[in-house]
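Here this note's numbering is used: the first residue of the sequence shown is 276, the next is one more, and so on.
For the record, the hints were derived by calculation from the structure and aren't laboratory data.
Just to be clear, a hint being listed does not mean it is correct.
As the list claims (entries may be wrong) - Straight-line Cα separation of at most 20 Å, PhoX-like style, residue types lysine-lysine; simulated pairs:
| # | residue 1 | residue 2 |
| --- | --- | --- |
| 1 | Lys278 | Lys311 |
| 2 | Lys279 | Lys311 |
| 3 | Lys311 | Lys277 |
| 4 | Lys277 | Lys343 |
| 5 | Lys368 | Lys279 |
| 6 | Lys311 | Lys350 |
| 7 | Lys350 | Lys278 |
What the hints assert, rightly or not - Label pairs and their computed distance ranges (CB to CB):
| # | residue 1 | residue 2 | range |
| --- | --- | --- | --- |
| 8 | Asn386 | Phe336 | 33 to 43 Å |
| 9 | Pro335 | His310 | 26 to 36 Å |
| 10 | Lys277 | Pro355 | 17 to 27 Å |
| 11 | Lys368 | Lys343 | 15 to 25 Å |
Where a beta carbon is used, it is the ideal one built from N, C-alpha and C, also for glycine.
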Amino acid sequence: MKKKSLLDSFAILAWIQDEKGAQQVEELLYLAQDHKEELLLNIINLGEVFYRCARVRDIPFARDILEKLRLLPIKIYPCPNDLVLEASEIKAKHPIAYADAFAAATALRENAR
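Kindly generate the complete structure, drawing on both the sequences and the hints.
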């Protein structure tokens, strides 16, 4: 059984901008390419990547980033209603950003690290 890793928006942004943590993301991408790892990214966190890229540059740049991300071995995890409630419960119990609560809920649901 493949290991599962969840990428959050900050991991993706670190990789895009070649910041601290980029090498770890790069290694996970290679493992996923070799079918040794399954990478997940919640759609809410993908939205966060989009708006942050748009703020840094512009909407066309953010769209270009999304197109490039679609070429990578990353499964975009949907956000059904029950996951919204799970994320909301996590947010209610912990002082974390709302988008981070979606990452946490997805990781818990998928037994991802």
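A quick look at each hint next to the structure:
no.	hint	in the structure
1	Lys278 with Lys311	7 Å, holds
2	Lys279 with Lys311	9 Å, holds
3	Lys311 with Lys277	6 Å, holds
4	Lys277 with Lys343	24 Å, violated
5	Lys368 with Lys279	25 Å, violated
6	Lys311 with Lys350	14 Å, holds
7	Lys350 with Lys278	13 Å, holds
8	Asn386 with Phe336: 33 to 43 Å	35 Å, holds
9	Pro335 with His310: 26 to 36 Å	33 Å, holds
10	Lys277 with Pro355: 17 to 27 Å	23 Å, holds
11	Lys368 with Lys343: 15 to 25 Å	35 Å, violated
The earlier numbered hints that this structure contradicts are 4, 5 and 11.
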